[in-house]
Amino acid sequence: MSASPATPLLAIRSLRAAYGKIEALKGVDIDINAGEIVALIGANGAGKSTLMMTIFGRPRARSGHIEFDGQDITGVPTHDIARLRIAQSPEGRRIFPRMSVAENLQMGADATDSGESDRANSLERVFALFPRLKERMTQRGGTLSGGEQQMLAIGRALMSRPRLLMLDEPSLGLAPLIARQIFDAIRTLNRQDGLTVLIVEQNANHALKLAHRGYVMVNGLITLSGTGNELLQRPEIRAAYLEGGRRE
Amino acid sequence: MSANPAAQTSRAPSAAFILKKSLISALVALVLFSLMIGVRTEAGPDGQLTYWTRFGDLAVMVAAVFGGSILIELFRQWWGPVDTARVVPAPVQNALAFGGRLVAPVLLVFTFLVPVLFYNERYILDLAILVLTYVMLGWGLNVVVGLAGLLDLGYVAFYAVGAYSYALLATNFGLSFWICLPLAGILAAFWGVLLGFPVLRLRGDYLAIVTLAFGEIIRLVLINWQSLTGGPNGVTGIPRPTLFGIPLTPADDGLAAMLGIEFSPTHRIVFLFYIILALALLTNWVTIRLRRLPIGRAWEALREDEVACRALGINTTTTKLTAFATGAMFGGLAGAFFATRQGFISPESFTFHESALVLAIVVLGGMGSQLGVALAALAMIGGFELFRGLDQYRMLVFGMAMVLLMIWRPRGLIGHRAPTVFLQRKEAISSDLVKEGHG
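Residue numbers (UniProt numbering), protein chains in the order written: chain A, 1 to 248; chain B, 1 to 439.
I should point out that these hints are in silico values taken from the structure, not numbers from a laboratory.
Among the hints, a few may not be true.
Derived DEER-like restraints, expressed as beta-carbon distance ranges [claimed, not checked]:
{"#": "1", "chain 1": "A", "residue 1": "146", "chain 2": "B", "residue 2": "353", "range": "39 to 49 angstroms"}
{"#": "2", "chain 1": "A", "residue 1": "238", "chain 2": "B", "residue 2": "21", "range": "35 to 45 angstroms"}
{"#": "3", "chain 1": "B", "residue 1": "74", "chain 2": "A", "residue 2": "146", "range": "38 to 48 angstroms"}
Over the 12 angstroms line for every Cβ pair with chain A, so calculated as not near, a few chain B residues [unchecked claim]:
{"#": "4", "residue": "52"}
{"#": "5", "residue": "173"}
{"#": "6", "residue": "309"}
Which chain A residues stay away from chain B? Per the calculated CB distances, all over 12 angstroms, these [as the list claims (entries may be wrong)]:
{"#": "7", "residue": "64"}
{"#": "8", "residue": "117"}
{"#": "9", "residue": "131"}
No experiment lies behind these values; they were computed from the predicted model shown.
Where is the CB? At the ideal position from N, CA and C, for every residue including glycine.
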C-alpha cells in the first residue's frame, strides 16, 4: 500500500519555524505518500503541533519548503491551503459550540464547496463513518460529549473531501474505548477511500499500530523514522513513550 | 430517618441560615445607605454646607432590605431548584412555542397598521418612527456584534457618517434623498472597512476600546471641521424626502394638491414612517438571507472560533471586513433617514450614549436574534417613553429592569438561535438540548 510513488503527496524539506526567538522546528524533513497513514509522535513541546500548524502557514516557515502534490505551498495564505483540500482537525477539536452539528459540518464544506451533490455525498460518508452524528444533527456542537465532538471535528474536516487529512491529538482526553473507535474510523477511511492521513499523537502505541510509517520528534528535530512496527519494537521508543519511562 | 436531616437541610435552608443571610444584607444596606440616605447635605443660604440626619428613613430602608431578603429566601425555598420542565407543564410550553411563532407576523402586521390606527396621534407616530430607527440600528449592529461577535462600541460613527453624508450632499449639491440614500450606505460601509483594517487582529476588550475611540474620533472631527460640517452648529435645512420627486408640501406641486386632497402635515410623518419601516425590513431581510449563505455562516463561526475558521479555509480577513461593512452600511442608511427626518443634525446626536443604547438593545434582545432585537428596541425606546411620568426615577426603574432581565434571561430576551442548515425537514429542538454544554 505504501509503495512510494515518484513524488510524495506532501514533502517537507529542512523546515524551520519559530515563535519569536524560540525556535520550535529546527530543520524538519518529512515525506507523506499518497494513501499512507503517517504518525508523528513525540513528547510535549517537541514541535508536533507546530509542524502541523506550519503546514497551514501559521506560524510561517522561517526557511525550508513545503510541497503539496508538487506545488510549493510554503508561502500560500492559510485559507488557500485549505482550498487545496488539505484538511485538519485541530488540537482540542475546536468545533463551533453554539452552532448545530449540521452547521458545523456545513462549515467544513463551505470553503471548498463545489455543489449540492458533492455536499450530500460528503455528508453520507461522514454519517456512514460516525452514525452518532446523524442522530445529533440538530443538537448544538457544545452539547456533545468529548468523543462525539472529536467525531464532529473529523467529520467537519472530511466535508471538504480532503486529499490529505491532518489530525492533531485525536485521542486527547477521550476514554480508551472512544479513542479506539476514533482510530478504527481513521483506519476505515484509509482502507476504503485511500485517504492520506497525518496523525500527531502522544498516544504512541495506538498511533504507531495504526500508521504505515512513523516519525519521532524531539526538540524540533526528527530523530527516528521507520514503519510503525519497526518503531514499536525499538527499545528507546518503548522506554520513552510506551512504558512511561519505567525500568523494571 | 437518621440520614434524612442532612438531606433536608441541604434542600431547605434552616431559619438560622435565612436570618444570617438577611442580616448580612441588612448590614451591607446600612453601610451603603448611611451616607447616601442617612445624611442629607445642601448648600445653605450663604453658600456654606448645611446638613442634617435622617435616621428614620435610614432605618426604614435597612428594615426593607432585611424583610425583603427574608421574603426572597423563603420564596426560593418554596420554588425549589430551577427546573423548566417542572415549573412549566408541557402543554403550556407547547402553547408558548406556538404563540412564539406568531409573535413576529402579528407584530409585523400591527406595525404596518400603526399609521392607520394612530393617524391622529402625532406623538405615537413620532415615537413609532423613533423605535423603528432603533430597530434598524439594532439589526445593523446585530450583524457585527450578534453574528460576527465583534464587539463594536463605536457604531454611532456609521450612523453619523450616513447622516452627514446625506446632509452635506443634499445641502451642497442638491441631490435628492433617494440618490443620497445608497451613497450614504456606501460611504458608511467604506468607513466600516476603514475601521476594520486596523482591528483585524484584535478581539474582545481590545477591539471594543479601539471601536470606542473610532466613534469618538468621528464625533470630534465633526465638531472641529467647521468649514465642512458646520462644527457644533450642525447642518440645517436638510431637505425632506420626496415621493418620486413629488414633495409632500402644501405647495401647488405638492402631493396633496396633485391628489386633490387637503394637505396635512401628518402625510409626511406617515410617509417617513413607511420609509423607515421599509429600510428596517430591508435590513432584516438581507440579514436573514446572509445568515443562510456561506458568508453568514462564516460570521457566526468566526464568533465561535477564529482558529478553527482558518483551518477550514475561511478567509478571516474578508469575513471580518464584510461584517464591519455590512453593519456599517445599515447604520449609514439609518443615519441618512435620521438626517432627513430631523431636518437638522449636529454632533450632539452622535455621542457614545447612542452606541451604548444600540448595543444594549442588541444584548438585551439576544445576540443574533432578529425578533429579540426588535422587541428590545420596542422595550427600550418605548419603555423609556412609558416611564416619562416617573421623572427622575425613570433611569432607576430602567436600570433595575435591565439588571433583572439579565439575571433571568442572561442570553437576552430571545436567547436561542435558529439553525440555518436543514437536511431533510425542520426539526423542533427541545430546549433541554440547546443549552450551552460544559463538557
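Hint by hint, work out which the structure violates, then give me just those numbers in ascending order. 2 and 6
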